[in-house]
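K.L.:
Quick note, the sequences are listed as chains A and B, same order.
Be aware that the first sequence starts at 331, since it is given in my numbering, and climbs by one per residue.
Be aware that the second sequence starts at 331, since it is given in my numbering, and climbs by one per residue.
Heads up, some of the hints might be wrong.
Pairs involving identical chains hold if they fit within one copy or between any two copies, as the list cannot separate such chains.
[Stated by the list, open to error] Capping the alpha-carbon separation at 20 Å, the derived lysine to aspartate or glutamate pairs in DMTMM-like fashion look like this:
id	residue 1	residue 2
1	Lys522	Asp548
2	Lys353	Glu415
3	Lys465	Glu366
4	Lys430	Glu366
5	Lys465	Glu434
Please keep in mind that the hints were generated in silico from the structure rather than gathered at the bench.
Nothing here was measured: the structure is a model prediction, and the numbers come from that model.
Protein chains: 2
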Amino acid sequence: MNRLFHSPLSPFCRKVRLTLAEKRIEVELIEERYWEPTPDFLRRNPAGKVPVLRLEGRVLSESQAICEYLEEKFPDPALMPRNPEGRYEARRLCAWFDDKFHNEVTSKLLYERVNKKVMKQGYPDSKNVKMGAQKIKYHLDYMTWLLEQRRWLAGDAMTLADFTAAAHLSSLDYISDVDWNRSAAVKDWYAKIKSRPAFRTLLADQVPGFPQPSHYADLDF
Amino acid sequence: MNRLFHSPLSPFCRKVRLTLAEKRIEVELIEERYWEPTPDFLRRNPAGKVPVLRLEGRVLSESQAICEYLEEKFPDPALMPRNPEGRYEARRLCAWFDDKFHNEVTSKLLYERVNKKVMKQGYPDSKNVKMGAQKIKYHLDYMTWLLEQRRWLAGDAMTLADFTAAAHLSSLDYISDVDWNRSAAVKDWYAKIKSRPAFRTLLADQVPGFPQPSHYADLDF
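Based on the sequences and whatever the hints tell you, model everything.
P.N.:
What follows is the structure in C-alpha cells.
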C-alpha cells in the first residue's frame, strides 16, 4: 500500500496530496507529528520533514522532487506544460510560492497561529502576524496580474504552479486568513481549483483545536 | 549578449554560473546590489532576488527553474540523470542544499559574517554563527555517507546536485568556514569539482573587505 506521511495543514503536503489525487494514485494518509520525530521517521527522511511518500517500495521526500517524479512516472493527466518555456514558468512559480510566499506569508500567519500552538511553542508573535497579513496582499495582487493575462497561473493550462499556490492559500483559508474579496480574478481561480475532485481530500481536513470555518469547504465560498 | 545579474558569493548565483560554464554558454556577469533594488531590477524580477538571467531575449529567475531550463535547452553535457529515479534523487538533493543546508548553515554563517556587513545591517549574531558551525558538521557527515555509496552525490555521474552542494560550500570556503579535514570523501569530491574548467569563474571572485584566503583557489587546497 502506498502511504503519505503528512501533516494536514502543511502546504508542502497538500501540494503532493493534490498531485496524487489528480493523477488518481491511491495512498493511505498517515499523520506525522514531525516536530517530535521518532527514529523510524528520521530513517524514512533524514531531513526530518513531511511530506514523505512511500510509493511502490520507494521512499520519497521533498515536495517539488516528489511532484516532478510523479509527473514523469504518471504523465496523465499532465501537470507540467509540454515545452521547456512553459515548464520553466511553472517551476518558477512553484518556487515563488514554496520559497517567497512561504517565507513572507505562510510562515508568518499559519506557523504563528497554528503550528506554534500545536507544537506547544508559545503564542503568536503579533509583529510576524501583522507582517504576513500585509504581505499576502502583495502576493494576491501579483496573482491578479498574472491571471489577467492567463487562464491559469503559469499559462493557459492548469499546472503544478496552480496546485502549489492553492496548497498555500487553502491552508491559510482554513484559518480564515485570505481576503477573497481583494481580487475577483483570484477568487474565480480558487473556485475552479476548489471544485476539482482532487481537492476533496483537503476540504475534509479537521485540525483539533482549530474548527473548520464554514466557508472553507463551501464550493461557492 | 546574454547577461547574468548576480552577487559573487550567492550560492544560488554560483549554481547557475557553474551550470552555464559547464554547458559553455557565454554570459556577461553583472553584479547586482539586490538589497538596494532599483526599479529596473524589480522590473526584471519582481521577487527582487538574484540570480536573474537574460538569455536569448528571455528574462529568467529562480535558480532551480533556470538550471532545469538550461538542462532542457542545452542537454549536452548532461547535468541530470536519464531515468526518473535518478532525476528524483538529483532534485531531492538540490532541495536539500538550497533549503535545509541554506537555512541551517549558509544563512547562519555566510549571511551573518558577510551579507550583514556588506548590506550595513550590523554585526554577526554569535548565536547564529555558533549554530551554523555546529550544523555544517552534520551536513558534511551526511555527504560523507552518500559519497561512501556513490561516486557523486546523487549517483555515479556528476549532476546538478553536486553543483548545488559545491555552490554553497564554495561560498563558505571563501570565508574559511569549511573544515575539509572532517571528511576525506568530501574533500576528494570537492577537489574533483574544483578542478573543472566550469569552476574557474568562481575561483576568480574577489569581494571587497573580504580578501580571498590562499587555499580558496588552490586546486590542491
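K.L.:
Go through the copies and call it for Lys465 and Glu434: within, between, both or neither, with a Cα cutoff of 20 Å.
P.N.:
within (6 Å within a copy, 25 Å between copies)
K.L.:
Cα distance capped at 20 Å. Does Lys430 pair with Glu366 within a copy, between copies, both, or neither?
P.N.:
between (26 Å within a copy, 18 Å between copies)
K.L.:
From the Cα coordinates, with 20 Å as the cut-off, is the pair Lys353 and Glu415 best called within, between, both, or neither?
P.N.:
Answer is between; shortest inter-copy Cα gap is 18 Å, intra-copy 23 Å.
K.L.:
At most 20 Å between alpha carbons: which applies to Lys465 and Glu366, within, between, both or neither?
P.N.:
between (30 Å within a copy, 19 Å between copies)
K.L.:
Between copies, within a copy, both or neither: which fits Lys522 and Asp548 at Cα up to 20 Å?
P.N.:
Classified as within: same-chain Cα gap 12 Å, cross-chain 57 Å, threshold 20 Å.
The structure fails none of the hints (numbered hints given earlier).
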